[in-house]
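According to the numbering used here, the stretch in the sequence shown is residues 95 to 365, in order.
None of these hints come from the bench; they were simulated from the model. Check the hints yourself; a few may be wrong.
Just the calculated beta-carbon pair ranges, DEER-fashion [unchecked claim]:
(1) Cys331 x Leu206: 26 to 36 angstroms
(2) Arg311 x Tyr198: 16 to 26 angstroms
(3) Leu145 x Lys342: 55 to 65 angstroms
Since this is a predicted model, take the numbers as computed values, not measurements. Each residue gets a CB set at the ideal place from its N, CA and C atoms; glycine is no exception.
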Amino acid sequence: MFSSFTRRYEYVPIDKDESICSDSQEKRKSWRQKQVPLVHVLVIVVVQTVLWITSLALFHVLHMRHVQGAHPLDNYHRMFEDNSYPAAEVISYETVIFAEDKSYMSSTNGSLPSAETDALWQALQDPVDGVIQAAVHTGFDIQHLPESNISNVDSRYHSYGLEVFHQLHCLDRIRKTFHAEHYFPNDTEAELIWHREHCIDHLRQGIMCSGDIAMDRWHYDIETDQNWLKTDVPHVCRNFESLSNWVKKWRFRNRDWLHFKDTGKLDQAAS
95 MFSSFTRRYE YVPIDKDESI CSDSQEKRKS WRQKQVPLVH VLVIVVVQTV
145 LWITSLALFH VLHMRHVQGA HPLDNYHRMF EDNSYPAAEV ISYETVIFAE
195 DKSYMSSTNG SLPSAETDAL WQALQDPVDG VIQAAVHTGF DIQHLPESNI
245 SNVDSRYHSY GLEVFHQLHC LDRIRKTFHA EHYFPNDTEA ELIWHREHCI
295 DHLRQGIMCS GDIAMDRWHY DIETDQNWLK TDVPHVCRNF ESLSNWVKKW
345 RFRNRDWLHF KDTGKLDQAA S
């Protein structure tokens, strides 16, 4: 009977400390397994952030170098890329110090300008006043230009004038109105006034459009005891000779243009 009782409560080996230790190790192992991916994610985020900041800083440095090293007119040049300004292909810039040139001035005593002065002004305007003939078959791209024509001209040709020469024409016209009876003997008073006022307003728009940003200086003159505005400072200018040469390449033939100016008709298209 005792033997049966003993077998009933047989020893079952349970080590509580060992079980608790085992459970703790399993928990730590599980926690580490969960933490490893999190650490990887944090490392990746940190590395990507560093790379992003480095790339941004490098881009900023390169951009600043480009801006500082670029010509200040680069953005201005991009405005001409739509082919609406065909003469842009020959634009070049130069620094010019303005100075009075009495060759272009009339006498201060009110007498007529000399023939030499008149010739200089006419030379500035080109023999045909900067008017050109554009045609596809001659290689001139007119696709982006406004429609233009002159009566009695071959329909293949389109007539244009480079604006700078129009402005020079207007300035010369104003110069001549001081001696209108000599230069425009057949113009009525109304015609003289209209042309003069048209030219003044046109030059106003041209000057405002160009917007010369040269820094003129003020100078006190001891002899006259007056302050004078001096323009003998650097001006960034388009090379006028380049534009003049471009017009010569495409302009009306001299005899055709002179005939047109005299009669308002052009018997034969420029070729």
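Now the hints, each set against the structure:
1. Cys331 x Leu206: 26 to 36 angstroms: Cβ of cysteine 331 to Cβ of leucine 206: about 30 angstroms, so the range 26 to 36 angstroms holds.
2. Arg311 x Tyr198: 16 to 26 angstroms: 23 angstroms, holds
3. Leu145 x Lys342: 55 to 65 angstroms: With Cβ atoms ~58 angstroms apart, the hint holds.
Every hint, counting from the list given before, is met by this structure.
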